[in-house]
Amino acid sequence: MTVQRQYTLPNCNLKLEGLSTGDDADPMAPLTVVLNSECIFPGTPHVLSGGREFLDALVKTVSDYAQSLLSGIPYPLPEDVSAKQPVALKPGEHHRHHLMATVTDADGTATRQTLELNSVQLFDLVEAVDQLLADTLTLPDLTLKLSSLDRRHARPAEPMAQRAVPVAVGLSTLAAAAALLFMPPVPEFEPQRRESEGASLSELVEQEAANLAEAESSPDDSETAPSDRSEETSPDEATAADPIAAGIALGRLATAPAISDADILSELEAELEDSLADALDAEVSFEDDLIYRVAVSESGDILGYKYENDAALTNIDDTPLPELTFIPVDTTETTDEAVAQFLVTFEGDGEVTAEPIDAAESTDADNEE
Amino acid sequence: MQLDSPPAPSAPSILETLPVPNLPAQDCPRRVRMDLDLLILAIESLDVAGSEALLKVSEQLGLQSVIPGRVKLWRIRSTNPMRRQNQREPLSIAEAKALTIVICFLAKRLSVLMRQLLLGYQQLSDKHLALDHHFRLADYLQRFRSLFRSRMNPQRAGVIAYSTDEKLNELAISLLTRLLFCTGTQGPQRLWSSLFDGEVV
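One line per chain: the protein sequences are U and L, in this order.
So the first sequence is numbered by the working numbering: it starts at 1 and just counts up by one.
So the second sequence is numbered by the working numbering: it starts at 1 and just counts up by one.
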């Protein structure tokens with residue numbers, strides 16, 4: 001028996017024609033087979049009609065679209081109609097909705113229809129569908145199946161392009177910093193040698209000058225300072241050309257008794273002048289006179305020397321003094337040997353003069369210094 | 001048989017018409033709390049006695065155990081993170097269900113008015129006219145704007161997005177549309193399901 005069901009709402013009429021199973025006389029027999037379904041929007045010329053396939057697509061699309069409208073989260077709905085999906089809905093401007101459907105005529109030609117629905121019309125369509133779904137006398141197999149979208153569909157708070165910006169900025173900054181840091185050369189690593197080995201002789205002389213100036217500024221330390229310095233300098237490494245060792249040698253002689261015999265002094269004076277004048281390089285010339293205090297042993301060996309002016313310190317390598325000085329093996333040991341002290345002057349023209357210094361005077365001068 | 005204590009109150013049976021969503025946490029997500037409060041705000045803008053009606057309806061539907069009174073209703077609504085007096089309490093599933101059912105019930109009463117307003121909005125926007133030309137619609141929008149501004153914390157990022165009249169009008173119209181979809185035969189089910197879109201696991 002052919003049965004007709006109609007769901008009438010102010011802006012949408014849904015009409016179903018089909019066959020009911022069961023007893024013909026039973027008015028409660030459910031409609032189970034749909035022959036034709038028709039969707040009419042009063043006030044518009046559009047009539048959408050089709051079979052069961054159209055009805056199923058309409059129910060599914062309208063129901064999902066209503067949910068996406070309620071939640072604001074887009075459902076995975078087809079953008080356009082296709083052979084598989086004859087009904088599609090998509091949002092338009094100003095709370096309007098575009099309903100698209102492929103309608104097959106009685107003679108079999110498929111035409112595509114597009115309707116613009118406002119919210120109220122769409123609601124009436126949804127309500128008609130809901131009433132059909134809730135109706136147990138029509139298509140009992142068709143019921144409302146709602147399930148919330150899971151988290152994968154949650155709309156991100158910001159579009160992908162905006163979320164990518166911080167990442168891109170961070171990466172480009174890192175790349176720029178890496179490129180900039182690549183440009184300066186890699187610093188070469190030089191294993192640091194010990195100061196006493198690496199430092200040149202002149203540096204050592206300057207250092208010694210500083211040390212001596214320090215020692216001179218504090219007379220109390222004058223006795224202890226030389227022994228301190230001797231610990232810093234390894235005696236094994238001291239050579240005849242080492243002015244520091246020579247300086248120490250002079251310090252070592254502070255307690256040595258002085259030679260007071262005038263004959264011996266004059267002899268030593270002449271010997272010293274001769275030996276220095278012989279050893280002095282003829283080609284070397286100085287601008288200023290170089291003045292040294294030199295200690296000489298009774299046998300005529302130079303035991304130590306000390307510069308008396310700045311020129312003497314800077315030009316020490318040009319004088320024969322470092323070569324001629326006798327450096328004892330043990331510089332810390334004080335000597336009891338009698339010494340004579342001379343003030344030796346290297347003049348600019350290569351002449352060498354030596355003057356004996358009174359022993360008492362020199363120790364006084366030392367103490368005053 | 002003698003009982004030492006009264007029987008444990010069972011949840012109102014009307015709440016069982018809505019399924020329990022499969023959530024990662026026990027309480028309702030942030031969007032649910034915001035949406036429910038905003039829908040009630042739209043009802044209040046449509047009907048001056050909206051919040052009174054809400055209490056009365058919840059009593060009629062036997063939901064007193066979930067919403068016992070005005071204070072509880074205020075506390076539930078204040079779980080909306082946009083509010084000035086935001087309660088950092090969770091919103092239970094039962095409370096959210098009760099609000100959903102009451103909202104749909106009230107929306108059904110107001111459906112005629114909502115249809116008028118939405119049709120009026122469509123006519124005005126078709127003709128590119130200002131929304132003030134529809135007296136009833138302008139009244140609704142104006143009341144919604146003032147209620148929103150008086151209750152929501154303007155420092156919140158979610159509220160800053162609605163700083164202008166146009167944006168608030170847009171929100172009011174979309175809430176009106178949502179309320180209309182709540183009035184249908186399957187309204188509560190549709191609203192309930194939509195609240196958890198993008199939240200279930």
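Treat the hints with care, as some may be off.
What the hints assert, rightly or not - Quick partial rundown of chain L residues pointing at chain U, CB under 7 Å, derived from the structure: (1) S111; (2) L113; (3) R115; (4) L118; (5) L124; (6) H128; (7) L131; (8) T177; (9) F181; (10) G184; (11) R190; (12) S193; (13) S194; (14) F196; (15) G198.
As the list claims (entries may be wrong) - Okay, derived cross-link-like pairs now, DSBU-like style, lysine-lysine, Cα gap no bigger than 30 Å in a straight line: (16) U/K60 <-> L/K108; (17) U/K60 <-> U/K15; (18) L/K56 <-> L/K72; (19) L/K127 <-> L/K72; (20) L/K108 <-> U/K90; (21) U/K145 <-> U/K84; (22) L/K72 <-> U/K90; (23) U/K60 <-> U/K145; (24) U/K15 <-> U/K145; (25) L/K108 <-> L/K167; (26) L/K108 <-> L/K56; (27) U/K90 <-> U/K145; (28) L/K127 <-> U/K145; (29) U/K84 <-> U/K15; (30) U/K84 <-> U/K60; (31) U/K90 <-> U/K15; (32) U/K90 <-> L/K127; (33) U/K15 <-> L/K108.
Stated by the list, open to error - Counterexamples of contact, computed for chain L against chain U with all Cβ distances above 12 Å: (34) R31; (35) V48; (36) L61; (37) S65.
No wet-lab data here; the hints were simulated from the structure.
Even for Gly, the Cβ is constructed at its ideal location relative to N, Cα and C.
Verification of the hints:
{"no.": "1", "hint": "S111", "result": "violated, 9 Å"}
{"no.": "2", "hint": "L113", "result": "violated, 12 Å"}
{"no.": "3", "hint": "R115", "result": "holds, 5 Å"}
{"no.": "4", "hint": "L118", "result": "holds, 5 Å"}
{"no.": "5", "hint": "L124", "result": "violated, 10 Å"}
{"no.": "6", "hint": "H128", "result": "violated, 10 Å"}
{"no.": "7", "hint": "L131", "result": "violated, 11 Å"}
{"no.": "8", "hint": "T177", "result": "holds, 5 Å"}
{"no.": "9", "hint": "F181", "result": "holds, 5 Å"}
{"no.": "10", "hint": "G184", "result": "holds, 5 Å"}
{"no.": "11", "hint": "R190", "result": "holds, 6 Å"}
{"no.": "12", "hint": "S193", "result": "holds, 4 Å"}
{"no.": "13", "hint": "S194", "result": "holds, 4 Å"}
{"no.": "14", "hint": "F196", "result": "holds, 4 Å"}
{"no.": "15", "hint": "G198", "result": "holds, 3 Å"}
{"no.": "16", "hint": "U/K60 <-> L/K108", "result": "holds, 24 Å"}
{"no.": "17", "hint": "U/K60 <-> U/K15", "result": "holds, 17 Å"}
{"no.": "18", "hint": "L/K56 <-> L/K72", "result": "holds, 14 Å"}
{"no.": "19", "hint": "L/K127 <-> L/K72", "result": "violated, 45 Å"}
{"no.": "20", "hint": "L/K108 <-> U/K90", "result": "holds, 26 Å"}
{"no.": "21", "hint": "U/K145 <-> U/K84", "result": "holds, 20 Å"}
{"no.": "22", "hint": "L/K72 <-> U/K90", "result": "violated, 40 Å"}
{"no.": "23", "hint": "U/K60 <-> U/K145", "result": "holds, 9 Å"}
{"no.": "24", "hint": "U/K15 <-> U/K145", "result": "holds, 22 Å"}
{"no.": "25", "hint": "L/K108 <-> L/K167", "result": "holds, 26 Å"}
{"no.": "26", "hint": "L/K108 <-> L/K56", "result": "holds, 15 Å"}
{"no.": "27", "hint": "U/K90 <-> U/K145", "result": "holds, 21 Å"}
{"no.": "28", "hint": "L/K127 <-> U/K145", "result": "violated, 39 Å"}
{"no.": "29", "hint": "U/K84 <-> U/K15", "result": "holds, 23 Å"}
{"no.": "30", "hint": "U/K84 <-> U/K60", "result": "holds, 13 Å"}
{"no.": "31", "hint": "U/K90 <-> U/K15", "result": "holds, 24 Å"}
{"no.": "32", "hint": "U/K90 <-> L/K127", "result": "holds, 22 Å"}
{"no.": "33", "hint": "U/K15 <-> L/K108", "result": "holds, 25 Å"}
{"no.": "34", "hint": "R31", "result": "violated, 9 Å"}
{"no.": "35", "hint": "V48", "result": "holds, 24 Å"}
{"no.": "36", "hint": "L61", "result": "holds, 20 Å"}
{"no.": "37", "hint": "S65", "result": "holds, 26 Å"}
Of the numbered hints stated above, those contradicted by the structure are hints 1, 2, 5, 6, 7, 19, 22, 28, 34, listed in ascending order.
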